[in-house]
Each structure stands twice: as structure tokens, then as C-alpha cells.
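4 protein chains.
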Amino acid sequence: MVKGAKINISGAFGSHYINVLPQAAHYKGEEDYAVAFATPVDAEGITYICQYTPYSAERDQVDDMEELGNPLYGQRETSMVVFDNVFVPWDRVFHCGEYQYSVKFVTRFAKTHRMTCGGTCKVGFMNQIIGACKLIQEYKGLDKATHINDQLMEMVALRETCRACGMAAAQRGAEEPKGSGVYLPDELMGNVSKLNVANAFWRIMALAGDIGAGLVVTLPSLKELKNPEVKDYVNEYLGFGSDSSAENIMKVTKLLQNWTAGLHGVGTWHGAGPIMAQKIMLQRVIDYEHEKNLVRQTLNLKEEKKGKQ
Amino acid sequence: MVKGAKINISGAFGSHYINVLPQAAHYKGEEDYAVAFATPVDAEGITYICQYTPYSAERDQVDDMEELGNPLYGQRETSMVVFDNVFVPWDRVFHCGEYQYSVKFVTRFAKTHRMTCGGTCKVGFMNQIIGACKLIQEYKGLDKATHINDQLMEMVALRETCRACGMAAAQRGAEEPKGSGVYLPDELMGNVSKLNVANAFWRIMALAGDIGAGLVVTLPSLKELKNPEVKDYVNEYLGFGSDSSAENIMKVTKLLQNWTAGLHGVGTWHGAGPIMAQKIMLQRVIDYEHEKNLVRQTLNLKEEKKGKQ
Amino acid sequence: MVKGAKINISGAFGSHYINVLPQAAHYKGEEDYAVAFATPVDAEGITYICQYTPYSAERDQVDDMEELGNPLYGQRETSMVVFDNVFVPWDRVFHCGEYQYSVKFVTRFAKTHRMTCGGTCKVGFMNQIIGACKLIQEYKGLDKATHINDQLMEMVALRETCRACGMAAAQRGAEEPKGSGVYLPDELMGNVSKLNVANAFWRIMALAGDIGAGLVVTLPSLKELKNPEVKDYVNEYLGFGSDSSAENIMKVTKLLQNWTAGLHGVGTWHGAGPIMAQKIMLQRVIDYEHEKNLVRQTLNLKEEKKGKQ
Amino acid sequence: MVKGAKINISGAFGSHYINVLPQAAHYKGEEDYAVAFATPVDAEGITYICQYTPYSAERDQVDDMEELGNPLYGQRETSMVVFDNVFVPWDRVFHCGEYQYSVKFVTRFAKTHRMTCGGTCKVGFMNQIIGACKLIQEYKGLDKATHINDQLMEMVALRETCRACGMAAAQRGAEEPKGSGVYLPDELMGNVSKLNVANAFWRIMALAGDIGAGLVVTLPSLKELKNPEVKDYVNEYLGFGSDSSAENIMKVTKLLQNWTAGLHGVGTWHGAGPIMAQKIMLQRVIDYEHEKNLVRQTLNLKEEKKGKQ
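Protein sequences, first through last, are from chains A, B, C and D. Those letters in the first sequence? Residues 4 to 312, by the numbering used here. Those letters in the second sequence? Residues 4 to 312, by the numbering used here. Those letters in the third sequence? Residues 4 to 312, by the numbering used here. Those letters in the fourth sequence? Residues 4 to 312, by the numbering used here.
Hint data in this document are derived by calculation from the structure and do not stem from the laboratory. Take these hints with a grain of salt, some might be off.
[Claimed, not checked] These stretches of chain C come out as covered by chain B in the derived footprint (C-beta under 8 Å, 3 or more residues): (1) 128-141; (2) 159-169; (3) 247-256.
[To be verified] Covered stretches of chain C, as calculated for chain D (at least 3 residues, CB under 8 Å): (4) 4-17; (5) 33-45; (6) 176-184; (7) 231-238; (8) 270-278.
On a predicted model such as this, the values are computed, not experimentally measured, just so you know. Backbone N, C-alpha and C fix where the C-beta goes; we use that ideal spot for every residue, glycine too.
From just these sequences and the hints, can you work out the full model?
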């Protein structure tokens with residue numbers, strides 16, 4: 004029988020089964036928290052309390068999916084999951100009280116999740132943002148605006164940096180445990196990957212918000228394109244005197260609203276664990292011996308007294 | 004008769020009169036754009052096309068204002084204003100074709116607006132954000148968490164920097180024109196003020212989003228506190244085992260959602276003109292002669308040939 | 004009789020008297036360190052052990068001061084001061100064992116020093132750097148290079164931000180103690196001022212180093228201008244095909260070497276106390292009550308239980 | 004017969020031969036600059052005018068190499084190379100007037116050089132800096148100082164980011180020309196690599212300068228350890244009350260001086276071409292078609308009119 008809650012988890016209610024892992028390293032006395040198990044998503048005693056954000060409200064009010072900023076893929080739906088005395092049969096319990104091993108669950112999960120979901124998946128998000136910025140630039144006839152080209156380049160450089168860290172985490176991965184045929188990413192690089200993404204994403208939001216301009220937050224509804232009273236005005240003035248249609252400009256601006264004026268900054272930062280979780284992990288795995296020895300050798304340092312370092 | 008549109012302007016329809024200014028410096032051949040006038044907000048031919056954002060949708064669906072993230076002050080409402088052959092009587096026209104003076108209108112407006120609305124008004128916004136972060140930290144019993152105290156301090160330092168620039172812009176202000184009794188802020192410092200705010204605001208959003216945690220974007224509706232099916236769960240698990248009520252925690256988190264996962268990053272950047280507008284102004288007003296002379300003197304430089312510098 | 008050392012202090016041996024203050028807040032049991040006194044600079048038992056840096060070596064080897072990067076003002080000379088049983092007559096002892104008051108000495112010193120030496124004095128340094136960058140840009144005929152103009156503007160914005168914080172620290176200063184006629188700067192703003200300067204200075208070094216270009220670190224000696232074997236080459240190729248003399252270009256580049264490839268980054272950071280000292284001060288003086296109350300009022304929060312916050 | 008100069012090149016005079024490449028893409032009318040050739044380093048007409056920096060002066064004055072900050076590897080020695088009618092036999096001329104191909108020389112050189120020398124070689128430099136910072140932290144007994152551990156971690160994260168970009172540039176490299184058996188790094192990633200290193204290095208200098216503390220720029224000469232008048236003071240006070248010897252502390256601090264208070268910030272930025280060179284390259288190679296198509300598909304955009312985009 005399991006009792007407790009997971010404050011936020013994306014997409015859980017859309018799965019067949021939920022895998023529940025320990026949340027942190029556990030210590031003596033915390034045996035009751037040292038559990039891992041699988042349960043059908045609709046087992047008795049499980050309740051999902053869904054997130055409700057301005058973006059949820061907007062989706063409720065839409066007549067046509069195309070009015071949304073991310074019409075094709077939608078929003079990641081997150082919920083709080085409450086376990087109120089949920090029964091889990093013994094053959095689906097993987098970990099139960101052996102607190103010494105909880106940390107392994109966490110770190111194996113984390114090193115994968117930080118490389119993929121925390122890190123490289125955002126490379127795909129950035130592609131959408133960069134593509135939208137480039138289209139808006141062209142639609143408005145600003146192809147030659149140096150400062151926009153600079154901003155686009157900065158976004159690409161940030162994206163490639165995130166990609167590189169993800170690639171390096173995979174490339175330096177190792178079989179774990181030896182002989183298992185299971186390869187896991189490098190923990191140091193996986194965490195560095197997430198750290199870079201979290202900061203890069205806010206910066207990309209700022210840059211893309213600049214390119215998308217004030218309209219990103221002041222855009223009228225796409226419904227106005229069908230509103231007989233104002234559609235001519237909208238078509239004229241939101242076409243920006245270019246050959247591009249106001250509809251295209253509004254839709255791309257709406258996509259930029261979704262990415263730069265909504266949930267993604269905080270979401271990217273906290274998805275796969277907040278920055279502080281990566282920092283704790285990094286403090287645990289960084290080893291300075293190699294670098295210290297390099298300096299000892301470069302400087303021909305005297306042997307340090309015992310009991311020190 | 005005036006024809007044209009202003010793409011985004013906040014609060015216009017709530018005023019009695021609108022003052023319309025030129026948008027940029029104008030040059031020969033642009034006389035028709037070099038206009039300034041006042042018009043009643045409901046003059047014939049004026050149409051307001053309001054912004055519609057996820058935050059507008061959320062407000063439409065709310066049962067009680069307290070469910071919103073900024074219940075007391077609400078959202079700034081912005082709209083596109085279309086002028087379709089609006090008649091303006093001659094005694095309310097202040098500028099008409101004298102393109103040589105358009106730039107004065109713009110810069111006088113800009114130097115004030117960048118100090119106040121672009122700059123120091125955000126000091127007040129930051130107060131709300133910082134207060135909310137401090138409360139959440141205390142509600143969750145994290146008063147001693149060093150990294151949160153560091154982040155709060157960074158926010159305060161950013162806020163004080165913005166405040167200082169606003170103060171300095173005012174202090175270095177000058178009477179303009181001489182003898183008029185009208186004092187305007189220093190243009191260089193006013194633009195620096197806005198520049199700092201735009202960057203600082205995104206950084207504060209990232210920091211506050213970190214302190215508010217994932218719940219900032221995954222929070223269930225405040226309605227759930229009254230939902231008999233789940234209110235006990237919400238009260239228990241969103242109380243975080245502290246003495247603080249789930250309601251307080253949820254409301255403060257909702258306020259942080261409003262500030263860090265919505266319109267304010269892009270809005271702050273573009274309000275009072277985007278960064279590029281400040282940069283253009285700065286390029287216009289910065290004068291390097293004093294600094295060049297300091298170096299000439301320090302280095303006892305040879306006189307430079309005529310025709311150069 | 005005083006025994007101890009101050010690890011680094013600038014210019015001490017050039018003064019008539021040294022004022023010695025406690026270094027930190029002191030607590031019970033530390034009475035022996037809670038001292039403040041004045042002593043002639045050459046009192047028996049005082050030894051100065053001077054810094055020796057690459058820049059000291061260069062000064063030793065110079066034939067003509069003009070070969071140096073900062074010929075007019077020279078280098079700040081710092082030394083370690085050792086007190087080896089120095090006798091201080093009682094009438095020059097200001098503080099002796101009253102550890103409760105040590106913190107006042109430190110903070111009064113710090114709030115002044117961080118505004119002036121840590122903060123605004125660097126505005127003057129930045130003037131030299133900015134002037135040199137502008138001259139080099141003009142000497143090389145790069146007046147129209149957009150990216151250099153952008154970098155110059157960024158430097159000016161950083162300088163003005165530092166200036167504004169210094170001005171605000173002074174403006175918000177207060178008489179301390181009341182009625183004394185002595186005004187001290189605002190502690191919060193003074194520390195924010197130093198914090199901004201420390202970061203801004205490294206950024207300005209990077210920007211100025213970019214404008215000065217690789218020559219900043221690869222410049223031949225100014226002696227080569229008098230070396231018959233190579234002076235024609237130097238005059239031709241370091242004149243960069245411009246009307247400006249190679250001598251002027253070399254001297255300005257040498258000044259940039261002094262500022263961007265030497266002691267100033269670390270020196271600015273640590274002068275008036277390292278960043279961590281400012282952070283500790285800030286943690287001590289920031290008060291969040293006003294901001295918390297704003298949020299309580301905005302959200303109509305429930306009274307929090309006693310014993311919390 | 005070749006005439007001209009290369010303003011700065013490292014180590015040239017220590018080679019057997021110099022390979023000279025065109026410096027930029029060349030266009031019609033610039034045939035005379037479109038040359039590539041090899042020449043013995045001591046061919047008639049070649050003159051080397053060496054750099055002279057404060058660090059050169061220090062090396063001149065040293066009694067024992069161990070007094071220097073980088074005693075084992077020394078300083079990279081750079082010089083201006085002047086070619087005054089140097090004869091190059093035809094069989095060592097690889098490129099002569101075929102301006103259309105100059106850009107290939109440049110980009111092939113640049114893509115390799117930016118990955119290796121501009122990028123990953125600095126990972127090795129960072130190892131020295133990080134090792135020195137860790138040793139100093141331990142020598143001074145500050146192992147538990149949270150803010151120093153944070154700074155070390157930030158340095159490691161920056162180093163790993165640079166490493167990852169270098170690895171990715173290699174991994175995404177391609178055979179060029181096809182069938183040649185010669186593989187060159189990916190141009191986009193190679194340039195991103197250099198861009199990241201240039202910024203990271205200044206940041207690492209600031210962090211390491213903070214850890215090394217003011218002593219980094221105020222350190223007395225290592226000669227003082229042998230100076231009978233002051234060696235006892237130096238041993239006592241620069242031992243910082245720890246078990247570590249003053250000599251070790253001084254030598255490690257001297258190494259940090261070399262890295263954080265000297266030529267490396269500007270040198271790293273400009274080595275392998277300044278930031279602007281990378282930006283120009285990036286503008287040339289970035290292609291946005293893939294990203295634009297992703298957005299067209301996500302938003303079901305209308306076909307854009309011909310003649311646009």
C-alpha cells in the first residue's frame with residue numbers, strides 16, 4: 004500500500020503504467036521512502052490533479068486549434084499525482100526499503116534524463132523558435148537588419164552548444180553495469196548539458212521576444228481575421244506593408260508567444276530537476292586530482308604535509 | 004483627417020483623450036507622417052482591436068478575482084488603435100508637416116518614458132517578485148538555503164541598479180528649453196536605465212522562477228481548494244508539511260506565475276521601445292571627445308594629421 | 004606593542020601615518036584583534052615587503068617612461084606590511100579590545116570605500132579605456148565598423164551604470180551618528196556599486212581587448228621605433244596604412260595592454276574587498292519586510308501562524 | 004619575390020619552414036594578395052620583430068625559472084614577421100593569383116584552427132587554472148567554503164562545455180574533398196567552439212582571480228623566500244597559518260597571476276581570429292531552411308508569394 008504524492012509529472016495519466024522511483028538518495032531511517040514500483044495508471048486510490056494555467060484557459064476557449072501558438076503538438080500536460088493507499092502487488096515492486104541503493108535509481112534516471120529531456124530535447128524546441136524568428140524577419144522585410152542577424156546567430160550558437168553537450172554526454176557514456184549491454188550517458192557531461200540548456204533557454208526567449216517584437220504579447224486573437232468589423236484593418240496593418248499575409252505573420256507571432264511569453268522558461272529550468280539538483284550532482288562527481296597533479300608537476304611543488312589534502 | 008494605425012498601445016481606450024506623437028525622426032518627403040494631435044478616445048473613425056493572450060482567456064474563465072496571479076492590479080490591457088479618416092479640429096493639432104521638429108517630440112517623450120515606465124516602474128514590479136520569493140522561501144521553511152538567499156540578493160542588487168540609474172537620470176536632468184520651468188531627465192542615463200531594466204527583468208524572471216519552483220507552471224487551479232473531491236489532497240500536499248496554508252502557498256506561486264511565466268519578459272523589453280531603440284539613441288548622444296582628450300594627455304600623443312578625427 | 008601583518012595595502016609606505024583598523028567584526032575572545040591605531044609609517048618594527056609583478060619588472064627595464072602603458076600615473080604600488088612589536092603610544096590608540104564596536108569600524112570604512120574606491124574611481128579608469136578604444140578605432144579608419152560602435156556603447160552603458168550607483172549611494176547617504184555633521188553613503192547601494200564595478204570591469208577588459216586587437220599582447224617594444232634595423236618596418240606596418248603615426252597607435256595599444264592584459268581585473272575585483280565581502284554585507288543589510296507586505300496586500304493573504312516568519 | 008608583413012604570429016622563428024596562407028577571401032583585383040607558399044624561416048629578407056610585454060621583462064630579470072608563473076612551459080613567443088622582397092622558388096608556391104580559391108585556404112585553416120587551438124587547447128589551460136584554484140583552496144584550509152566550491156564547479160562546467168564543442172566539431176567532421184582521406188572538423192561547430200572559449204576564458208579568469216585573491220596581483224617576488232631580511236615574515240604570513248608552506252602557496256599564486264593577470268584574456272580571444280571572424284564565418288554557414296520548414300509545417304502556413312524568401 005503506497006501513500007504520498009508527486010507534485011508535478013508530465014503526461015502520466017496518458018500512459019498505461021507509471022514507474023515510480025525514489026526521489027533522492029535515502030539514508031537509514033528513511034526506508035519507507037525507499038521504494039520503486041510500477042502501477043497501472045488507473046489503479047484504485049490514484050488521483051490526478053491537473054495543472055491549470057493561462058494556457059489551459061486559452062485552449063478551453065479556442066474555436067479552432069490553429070488559433071493556438073503550438074497547434075500541432077499542443078502543450079505538455081502536467082498533473083499532481085496523489086497515491087492514497089494504492090495497492091501494488093509484490094511482483095511490481097522493484098525496490099523496497101533497501102535505502103542504500105536508492106541513490107543509484109536516482110542518478111541513473113538523472114544522468115539519462117538530463118542529457119535527453121533536460122538537454123537535447125530543447126535543441127528541438129530551439130529549432131522551432133529560430134525558424135519562427137527567421138520567418139518573421141523575412142516576412143517583415145528585415146533580412147538585412149544586422150542586429151537581428153546577430154541575434155539569430157547567437158541563438159544558433161546557443162543551440163549548437165546544447166547539442167554538443169548532449170552529443171558529448173552520449174559519446175562519453177559507459178556500459179553500466181559492465182557486461183549488461185546497457186549504456187548510460189556520462190554523468191558530468193549530462194549535468195553540464197542541462198545546466199547550459201536552462202540558462203540558454205531564457206536567453207533565447209529574450210532574443211526571440213525581441214525579434215518577434217511587442218506584438219508577441221499584444222497580438223489580437225486570430226479570430227479577428229474572420230471578424231467582419233475589423234478583418235480589413237488587421238489584414239492591412241498586421242501585414243506590415245509586405246507581401247506576406249497578415250495571417251502568416253500573426254500565426255508565427257503566436258508561436259513566438261507560446262515559446263517566449265509563457266511556461267517554457269520556468270518549465271525548462273525545472274524539468275529534469277532544477278539547477279540546484281545539477282549542481283549537487285556535479286559537486287558529487289567532479290574530481291580534481293588530475294588537475295592538482297598537473298599543477299604540482301608544472302610548479303615542482305614541495306610534498307604537502309600528511310593530514311592535508 | 005488622419006489615417007493609420009498604432010500597433011500596440013496600453014490603456015488608450017480607458018482615457019478621455021489620446022495624444023498622438025510622431026513615431027520617429029522624420030525627413031523631407033515624410034511630411035504627412037510628421038503629425039501630433041489630440042483626439043477624444045471615441046472620435047468617429049477610431050477602432051480599438053484588443054490584445055488576446057492566454058492571460059486574457061484565463062481572466063474570462065475566472066469565478067473569483069483571487070484565482071488570478073495579479074488580482075489587485077490586473078493586467079495592463081493593450082490594443083491596436085486604427086484611425087480611419089478621423090477628423091481632428093485644427094486647435095488640437097500640435098505638429099503638422101514640420102518634419103524637422105519631429106525628432107524633438109520623439110526624444111522628449113523617449114527620455115522621460117525610458118526613465119520612468121521603461122526603467123523605474125519596473126523597480127516596483129521587482130518588489131512584488133522579490134516579496135513573493137521571500138514569502139515562498141519562508142513558507143516552505145527554506146530560510147537557511149544559501150543558494151536561495153544568494154538568488155534573492157542578486158535580485159535586490161539588480162533592482163537597486165535599476166533604481167540607481169533612474170535616480171541618476173532624474174538628478175542629471177536639465178531644464179528644457181531653458182527658462183521653461185520644465186525639467187527633463189538626462190537622455191544618456193535614461194536610455195541606460197531602460198537597457199539595464201530589460202536585461203535585469205529576464206534575469207529576475209529566471210531567478211524567481213527557480214525559487215517558485217516547477218509548481219509555478221504546474222500549479223492546479225485555486226478552484227481545487229473548494230473542490231470536495233481533491234481539496235484535502237491539495238491542502239495536505241501543497242502545504243508542504245509546513246505551518247503555512249496551502250492557500251497562501253498557492254496564491255504566492257500564482258503571483259510568481261504571472262510574473263515569470265507570462266507576458267512580462269517581452270513586455271518589459273519592448274515597453275518604451277525595444278533595446279535597439281535605446282541603442283540608436285545612445286549612439287546619437289554619446290560623445291567621446293572628453294575621453295579621447297584624457298588619453299591624448301596621458302600618453303603625450305602627437306598631434307593627429309588634419310582631415311583625420 | 005602590535006604584532007601582525009596586513010597582506011596587501013596600496014601606497015602605505017608613501018604616507019606619513021598609517022591608520023590601522025580591525026579587519027572584520029570581532030567576537031568575545033578576539034579582544035586582541037580588536038584594535039585601531041595610527042602609527043608613523045617608519046616606526047621601528049614596521050617592514051614593507053613590496054609586490055613584484057611582471058609590470059614591476061617592465062618598469063625596471065624602461066629607458067623612458069613613455070615606453071610604459073600608463074606613463075603619467077604609473078602603477079599603484081602595493082606591499083605587505085609587517086608589524087613586529089611596533090610600539091604605539093596610548094594617545095594614538097582608538098580602539099583596544101572593545102570587540103563589540105569593531106564591526107562599526109569595518110562597516111563605516113567599507114561603505115565609503117566601496118562607493119568611492121571600489122565603485123566610482125573605476126569610472127575614471129573606464130574613461131581612459133573608452134578613450135583609448137575610440138582613438139584606436141579612428142586611427143585604424145574603422146569609424147563605421149558597427150560592431151566596434153556597439154562595443155563602445157556597451158562600455159559606456161557599463162560605465163554609466165557604475166556612475167549611477169555611486170551617485171545613488173551618495174544621494175541616499177545619511178548623517179552618522181545623527182548630529183555629527185558626518186555623512187556616510189548608503190550601505191546597500193555602496194555595496195551594489197562595488198558588485199557592479201567588479202563584473203563590469205572584466206567585461207570592459209574583454210571588450211577593450213577585442214577593439215585593441217591581438218596587438219595588445221603582441222606589440223613590440225616602443226624602443227623599436229628608435230631601432231635603426233627595424234624602425235622603417237615598424238613605422239610602415241604598425242601605421243596600418245592610415246594617416247596616423249605608428250607611434251600613436253603603439254602608445255594607445257600599450258595603454259590598452261596596461262588595462263586589459265595586466266593587474267586590473269583581479270585588482271578591481273579585490274580592491275575594497277572581494278565580491279564575497281559585499282555579499283556578506285548585503286545579506287546583513289537587506290530587509291524584505293516591505294516587499295513581503297506588498298505581496299500580502301496584493302494577494303489578500305491569510306495571516307500566517309505565529310512562530311513562523 | 005614577396006613583400007609584406009604578418010602582424011602577429013606565434014613561434015614562427017622557432018620552426019624550420021613557414022607556411023604562408025592568404026589572410027581572407029580575395030576578389031578580382033586582389034590577385035597579388037592571393038598567395039600561398041613555404042619558405043625557410045631564415046630566408047634572406049625576413050625579419051622578426053618580437054613582442055615585448057611586461058611578461059618578457061619579468062623573464063629577463065629572473066634568476067631562477069621557478070620564480071615565474073609558468074616555469075615549465077614558458078610563454079608563447081609571438082613576433083611580427085616582415086617579408087622584404089623574399090625570394091620563393093616556384094616549387095614552393097602553392098597559390099598565386101587564383102583569388103577564387105583563396106577563401107578555401109582560409110576556411111580550411113580556420114575550421115581546424117578554431118576547433119583545436121582556439122577551442123580545445125584552452126581546455127588544457129583551464130585544467131592548470133582549475134588545479135591551481137583547488138590547491139590554493141586546500142592550502143588555505145577553505146575546503147568547505149561553499150562559494151569557492153561553486154566557483155570551481157562553474158569553471159568545470161565551462162571547461163566541459165568547451166570540450167564538448169571541440170568533440171562535436173570533430174565528430175561531425177567530414178572528408179574534404181571526398182575520397183582524399185583528409186577529414187576536417189565541422190565548420191559551424193568549430194566556430195561555435197571558439198566563440199564559447201573566448202567568453203569562457205575571461206569568466207574563468209575572473210573566477211580564478213577571485214579564488215587566488217588579491218595576492219594574485221600583490222604577491223612579493225619569490226626571491227623574498229631567500230632574502231634574509233624578510234624570509235621569516237614571508238614564511239609566517241604567506242603560510243596563512245596552515246600546514247602548507249609559504250613557498251607552495253606563493254608558487255601556485257604566481258601561476259594564477261600568469262593566467263589571470265596577464266596576456267591570456269586578450270590572447271585567447273584573438274588567437275585563431277577574433278570573435279568577429281567567427282561571427283562572419285557563422286553568418287556564412289548557418290542555413291535556416293530546415294527550421295523555417297519545421298515552422299511552416301507546425302503552423303500550416305500559407306504558401307508565401309514568389310519573390311519573397
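Hint check results:
1. 128-141: Since three or more residues must qualify, the claim that chain B covers the segment 128-141 of chain C holds, with 8 doing so at under 8 Å.
2. 159-169: holds (count 7)
3. 247-256: holds (count 6)
4. 4-17: holds (count 3)
5. 33-45: violated (count 0)
6. 176-184: Contact hint for the segment 176-184 of chain C vs chain D: violated, 0 residues under 8 Å.
7. 231-238: Since three or more residues must qualify, the claim that chain D covers the segment 231-238 of chain C holds, with 4 doing so at under 8 Å.
8. 270-278: holds (count 6)
Hints 5 and 6, counting from the list given before, are not met by this structure.
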